[in-house]
Amino acid sequence: MIKHCNGRRLIKALSASNDWLASKMEVVNNLNVFPVPDGDTGFNMSLTLKAAVEAMKELKDRDLSSIAKEVGTSSVMASRGCSGVILSQFLVGLAKGLEGKKRVEAKELAQAFFKGAEAAYGGVREPVEGTMLTVAKESARRALEIAKEESDIAKILRETHKEAQEVLEKTPEMLPVLKDAGVVDAGGAGFVYILEGVLRLIEGKPLEEISKVEVTVAKTINTWRSILVGIRGGELKDIKEVETIAAKTIQAAKEKLSRLPLQKLKNATGIRRVVGTWEKVLGIIQKRGLLDIKAVRSTAQRAVDTWERELKYKYCTEFLIKGKDLVLKEIENELARHGDCAIVVGSSELAKCHIHTNEPDKVKAYAATLGEVDKVKIDDMDKQHQTLLMEKEVGEAVKVKELGIVAVSTGEGLSKILKSMGVDEILGGPKKLKPSVEDISKAIEKMEAKNVILLPNDGDIIPAAEKAKELSKKRVEVIPAKSIPQGLAALMDYNPEGSIEENKESMSQALGRIKTGQVAKAARIAKYKELKIRKGEVIGLYHKEIKVKGRKPQRVALDLIKEMVAEGDSIVTLYYGKGARKRKANKLLNQVKEKYPNLEVQLYFGGQPHYYYIISVE
Amino acid sequence: MKKVAIVTGCNQGLPDNLWKEYEINVLHFPVTLEGKEYRVRETISPEDFLAKVKASKSFPKTAAINVERFAEVYRKSTAEGKSIVNITMAGGIFSQPTLDAAKEAINKVEGADVAVVNSMLTAHPIGLVILEAARAAKEGKNKDEVAKIAQDVASKSTLILALPDLEYLHKGGRIGKGKALLGSLMKVIPILIMRYGTQAIEPLGKGRNIQQVNQKMIETIKADMEKSGAKKIKALIAAVADNPEAVKDLKEALEKNIDCKEIIIGKMGCEIVHLGPGGWGIGYYLVK
Numbered sequence: 001m002i003k004h005c006n007g008r009r010l011i012k013a014l015s016a017s018n019d020w021l022a023s024k025m026e027v028v029n030n031l032n033v034f035p036v037p038d039g040d041t042g043f044n045m046s047l048t049l050k051a052a053v054e055a056m057k058e059l060k061d062r063d064l065s066s067i068a069k070e071v072g073t074s075s076v077m078a079s080r081g082c083s084g085v086i087l088s089q090f091l092v093g094l095a096k097g098l099e100g101k102k103r104v105e106a107k108e109l110a111q112a113f114f115k116g117a118e119a120a121y122g123g124v125r126e127p128v129e130g131t132m133l134t135v136a137k138e139s140a141r142r143a144l145e146i147a148k149e150e151s152d153i154a155k156i157l158r159e160t161h162k163e164a165q166e167v168l169e170k171t172p173e174m175l176p177v178l179k180d181a182g183v184v185d186a187g188g189a190g191f192v193y194i195l196e197g198v199l200r201l202i203e204g205k206p207l208e209e210i211s212k213v214e215v216t217v218a219k220t221i222n223t224w225r226s227i228l229v230g231i232r233g234g235e236l237k238d239i240k241e242v243e244t245i246a247a248k249t250i251q252a253a254k255e256k257l258s259r260l261p262l263q264k265l266k267n268a269t270g271i272r273r274v275v276g277t278w279e280k281v282l283g284i285i286q287k288r289g290l291l292d293i294k295a296v297r298s299t300a301q302r303a304v305d306t307w308e309r310e311l312k313y314k315y316c317t318e319f320l321i322k323g324k325d326l327v328l329k330e331i332e333n334e335l336a337r338h339g340d341c342a343i344v345v346g347s348s349e350l351a352k353c354h355i356h357t358n359e360p361d362k363v364k365a366y367a368a369t370l371g372e373v374d375k376v377k378i379d380d381m382d383k384q385h386q387t388l389l390m391e392k393e394v395g396e397a398v399k400v401k402e403l404g405i406v407a408v409s410t411g412e413g414l415s416k417i418l419k420s421m422g423v424d425e426i427l428g429g430p431k432k433l434k435p436s437v438e439d440i441s442k443a444i445e446k447m448e449a450k451n452v453i454l455l456p457n458d459g460d461i462i463p464a465a466e467k468a469k470e471l472s473k474k475r476v477e478v479i480p481a482k483s484i485p486q487g488l489a490a491l492m493d494y495n496p497e498g499s500i501e502e503n504k505e506s507m508s509q510a511l512g513r514i515k516t517g518q519v520a521k522a523a524r525i526a527k528y529k530e531l532k533i534r535k536g537e538v539i540g541l542y543h544k545e546i547k548v549k550g551r552k553p554q555r556v557a558l559d560l561i562k563e564m565v566a567e568g569d570s571i572v573t574l575y576y577g578k579g580a581r582k583r584k585a586n587k588l589l590n591q592v593k594e595k596y597p598n599l600e601v602q603l604y605f606g607g608q609p610h611y612y613y614i615i616s617v618e
Numbered sequence: 001m002k003k004v005a006i007v008t009g010c011n012q013g014l015p016d017n018l019w020k021e022y023e024i025n026v027l028h029f030p031v032t033l034e035g036k037e038y039r040v041r042e043t044i045s046p047e048d049f050l051a052k053v054k055a056s057k058s059f060p061k062t063a064a065i066n067v068e069r070f071a072e073v074y075r076k077s078t079a080e081g082k083s084i085v086n087i088t089m090a091g092g093i094f095s096q097p098t099l100d101a102a103k104e105a106i107n108k109v110e111g112a113d114v115a116v117v118n119s120m121l122t123a124h125p126i127g128l129v130i131l132e133a134a135r136a137a138k139e140g141k142n143k144d145e146v147a148k149i150a151q152d153v154a155s156k157s158t159l160i161l162a163l164p165d166l167e168y169l170h171k172g173g174r175i176g177k178g179k180a181l182l183g184s185l186m187k188v189i190p191i192l193i194m195r196y197g198t199q200a201i202e203p204l205g206k207g208r209n210i211q212q213v214n215q216k217m218i219e220t221i222k223a224d225m226e227k228s229g230a231k232k233i234k235a236l237i238a239a240v241a242d243n244p245e246a247v248k249d250l251k252e253a254l255e256k257n258i259d260c261k262e263i264i265i266g267k268m269g270c271e272i273v274h275l276g277p278g279g280w281g282i283g284y285y286l287v288k
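Chains P and S supply the protein sequences, listed in that same order. Under the numbering used here, the residue at position 140 of the first sequence is numbered 140, and the numbers go up by one with no gaps. Under the numbering used here, the residue at position 281 of the second sequence is numbered 281, and the numbers go up by one with no gaps.
If you are wondering where the hints come from, they were derived from the structure by calculation, not from laboratory data. Bear in mind the structure is a predicted one, so any value in this text is a computation, not a measurement.
Here are the computed distance ranges between Cβ atoms for each label pair:
(1) 508/P - 61/S: 37 to 47 angstroms
(2) 108/S - 330/P: 56 to 66 angstroms
(3) 165/S - 508/P: 23 to 33 angstroms
(4) 459/P - 261/S: 44 to 54 angstroms
(5) 104/S - 508/P: 50 to 60 angstroms
(6) 199/S - 475/P: 23 to 33 angstroms
Here are a few chain S residues that face chain P, going by a calculated C-beta distance under 7 angstroms:
(7) 184
(8) 185
(9) 186
(10) 202
(11) 203
(12) 205
(13) 206
(14) 208
(15) 209
(16) 211
Yeah, the Cβ is synthetic: ideal placement off N, Cα and C, and Gly gets one too.
Chain S extracted, bound-state conformation (with noise of 0.2 angstroms):
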């Protein structure tokens, strides 16, 4: 039996370790700042990356993976002898170019056995995802067991943003202008919501500091427990790269009110560009 590799953009905020040890094939989004091209953990890292940004008066922007980037990882691995599983974000305003083309290219490749996986959400919950396919791929499953997985997790997966500029979330065209609550006198943190499904990422309240918006982030995951009877949780959080205090105690609020199976503390890289300056979320799904 052919054995799986799994194929994906950077957007899902895994840490570089569970890159490598489930090696991951990892397709850095293309991201322009004042006309030159970077790739966040690729050719710069997100500490130098955001100081750009802090100093930069224009705004970041992403740009989709073309068909050749994904023919290219498809080649490779369909020459390893491997079939593939392409995890990718929603499509609509999220990016339908990247998941067109990551099916698109599978026509480019002669032989290839690739199934793509829509998760319909973006970044953190998107770690989850690939972390549960690929230990499934590692365990010796099959690329329709492991799309299945994929699938699976995914839908029972949530994403949480705390995000303290949202002038950035609005500016990459990733919610309405309605939707931006721009522009409060009192220092505020809005916190949204993207729910699998969805399509969208919806406000889903405010917080005056890290303490009272992870708060509400524990009390929107218990409420989700609750709905759906889950006993448990996974979740990965990440913060952008200056703001760890925020992940700290999201982590130490988590292990205190909540069971969780797992928690992964991730690393943020091209999302800075959507997240803005001191931007943090969690990814979470629900386990029986």
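Next up, chain P with everything else stripped away, as it sits in the complex (with noise of 0.2 angstroms):
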């Protein structure tokens, strides 16, 4: 019997539940509404839960009211997609109700979770029923209901749980495209998960870390990139768990290196050099029997880098110097040795400086020796998008401009385009994950302008896009862009001369000027309406719906540009991705020219991973 929960607790509960959603990450985004192998709703609510919990326990107040303060707070920095944003709000408002408290009783505590379900509700523009949102709502009115009558927690929160199963199970009957697509919402799965997780913690049950078989050497190396924070940061000290993760790491790349076919096993040099390099550091941590930290730094700066070769020096470093007769060339010239992209600009007095290096430490000593540093910033690059921003450092030096973008991409190609199209700075990538409210938030501040409009080019990013802008004190609009072609036509509209009132409004008007369709490999078997998808066959997306299914994906593309245009269009455009080729996009931009002689048809290479080809009429 449970009677009340204080902060230890709910630092108990909440690293539970996010221990099983981590357990459970893979399930949930499989539960894609598409069977395209781009879902990451668990992955998104998972991160997003990780920062709030990791942020809770090094808290040094263990006060219950802190504690949840603390995980609203920092949930809100992390969230990332739509169900990230939604969570965070909900953890938002069962802040709000622990406010004040130390230790809670039963109807306390299902009224903070109520609270926390109607804050989710507020944090959306446009609450859809059928979601997350239904999953907390339902469940905590049933908490309420019974905690009138009981007072042990564990049995309510059982009894919440139940219900929480029950409407998620019915989510399909609420959301049409749910039952379409034969699914419940990943969402609720995931919120479920949350309180199975403080469930199972208080059975007994245990909360597997299980064998992360889907773990790719991708994800494996984020985590070795915050190791190596940590280390930098003098936090890590506990060898096992380097150690642990090393074995992890080799585990993982070598089951990503068997289940690559074998013309690809050629090109998997990057994941084998990976794995020799981590082989190294268990070896060091193994014969030495201690973390020898320089040692672990440098290989592991070693495999992060082979990782990222294109990206030679990590950290963007600025700074002021403050002294008398500077040289602003000399400068310059003496930065340049320890990196690239060195701006020195400013005067004999004040020089502003700016250099990409991996030894920002060197760099400030030799600061020192002319005058009083200020103001120094270093950034991590790998956590922007670094070789677009040198360009754009190099070009623009450190003037401020009245108005910037930032915009997301998907794929190399694409990100270039965006460029060409006015973009300041692009978010995500296709190595990247999609970009939480704190990433937009940084490219937000550091962006030298004064006014922001950001481009999400992707529904499941609008609601992190639009909470980055309640939190910047710079103007900051959000076009609703929901996917690239829209992102690139509201560009079409974009007049760096104009105000950000102006632009906020052609910009969002060109929105509906353009219809995108999409082109994928069915990730699993799927029925959809009265189609039936084999694993491997290839749909063709438009309107959120699957329009077309084939074997080919330029035959597939070619049946949903059908779909596509209406009287009055002229323009179709191609954008190929990681997964098609050249030659095959070429060949289908002549059939399609062929096909529509009054249409104007251009191909570009877009890089996407997931999609062929994304394709839009306008």
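Dock chain one against chain two, each of which comes alone in its own frame, and use the hints as you go.
Here it is, written out as structure tokens:
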């Protein structure tokens, strides 16, 4: 019998939720409406909760109210994707309900839970029933109801979880798109797992750290990156932790290798190198029996570098030097010896310096010999979109603009096109995750512009963009583009000389002028309306529906275009992705031109993952 | 009462027949390409000149009309017993020397009775200003009345350009580098606008083909009409010699969407230097 909840118990409960949700991440990811391998709801929710739990554990104050508040605040910053944002809003509401309390009994806890559900609704511009919102609301209502009579939190939780599960099963009845796809709502399922984690903790069931077969090497590299940051910050002391992760990385990388088809194996040198370097790390740890931080650091550095070969210098370092008789050119030359993109501007009394380097400390030490060093800013460029940024910085130095644009992209070709259309900063990319509220916020604040326009280019990123807008002191507007072609259509009406208001209006209007379709390979068996789809078949999506299917991407693309083209249209644009070959794409271009002699047809390299083709008709 | 002669540069897009009909004194801007000087629509046809531009690796340049050439026209019209209204393009980055020369030349000709009207515009809309001024002159209005009409039409006029290759405008110094929006990876046609009094060509947007660009031009004109309460417009549309389709499509779109009191299909000559191959545009002014 559990009669109350305090700070300590909340920590345990949320940690259990976090572990259980993490272990079910792939299950939730696979509840994607369309069988396209880009489902990331589980991933987004898990990362959002994980950040909150980590922040909570570091908090010195173990007071219930403070813990809950920290969970809310840090989850908002870390939230990514629609579901992540909704979850963070729920946690904020929960915290409000626990405000000023050291411990709560069943009734108060149920009330706080209900406040969380209400806040979740408040955080969405257009709430949709049949999603996590409904699951949260109905289960909260149930919790309140039972708490009237019952004071055992365990019992209430069991009932609440049961209700959540039942509502989840009904989501397909509430949301036709789920029914058509034969799945329950992914965000709702994530929410059920969050409750289930606490329940399993109470019932003493394992919160298994499943063998993460599905963890890809890229994801593990991300973990490694955070370890590196930990080593640098002097926080990571536990040798066991490094050892475990090294072993896991090797295993995951080997599994990834073993599942690659033969013809691709010869190209997998990157992964092989990762295995090699990590075996070395493991060797060092096992041989010396102690954590040789230096050796681990340099090896880890190399591993990350092999993975991201294009990034030579990791730290974007900026600072001011206040001194006398400063010779800007000389400083620039000296800085250039430590990296690239060295820029020094200012006067003989005040130099603003910028450099991309791997030795920020050395650079700082040199600067200190010249005068007083101020406003030092060192950014890890892994978290930004490095190469694009460099070009930008070289070109524009440190000029503050009136208006800047941050856009989300999923492929290198698309990124280049977006940039050429006036985008200043790109978030995301093929190897990256969906940007979190924090990622977007950072991009906004970093941009040397007073006003910032956000182009999410994905419906699932719009809520995070809206949240980042709320958090910023700058004037920010979100143009709700749901696809890359929509984003590009908006950019057609972007006027860098115009005000942010004028641009918001004209760019938003442009969204409706374009239709977007996608061609992808089905990642699982699926039944969608009358269509039976086998794994590996190619499907064509348009208007939130699977319109066509087939065996060849080009054939499906042609059929899909037929569904999309209507009278008054004049341009068809094809963006071919990673999975499509250039030769095949060119063939498709000619076929479309032949079939629609009155339309203008253009083909571009998009480089996006998952989708053979992104198609727009306007 | 003295008759009024209209004097102007060649960068105004009116077709040959209107030049003749209203006896407009057109002074051709000297244009140089690879060291050779031309006067487009006088010593060379726009088609032939465009072909030379396309074949050349360097960009063509225009030069100002000098004092002596203005003085010559003033002298001729004065001898015929006429007063003169000289309508010029904007000064500043457009052609300050030409504007200065137009004024200075007055002192060189004894008895010359000249009003210089700075249209504050360039290209297409100047054609409309000239046409209305010439019509007033033909009706027998005096110099001051004609100048006032020219000034009035200019103040209600706007230029919109669609330039597939902005490099020409940029190289000609008519737009700043930041504004030039150079080098998009997508095939796009930048659209630019020059409003009366701004003395600058500003970006307006982009389109992916002729239809989209013309649609945006129409939307802009409609918004202007709504803002000012104007019911109709008069327009002059013209393209560089290699893009008659754009003019045809724009004319159709105008007729379909906007109440036009008059649409003149013009002709581009020395404007090619700044518009570049494929460029087209519209000058329009709002009528109550």
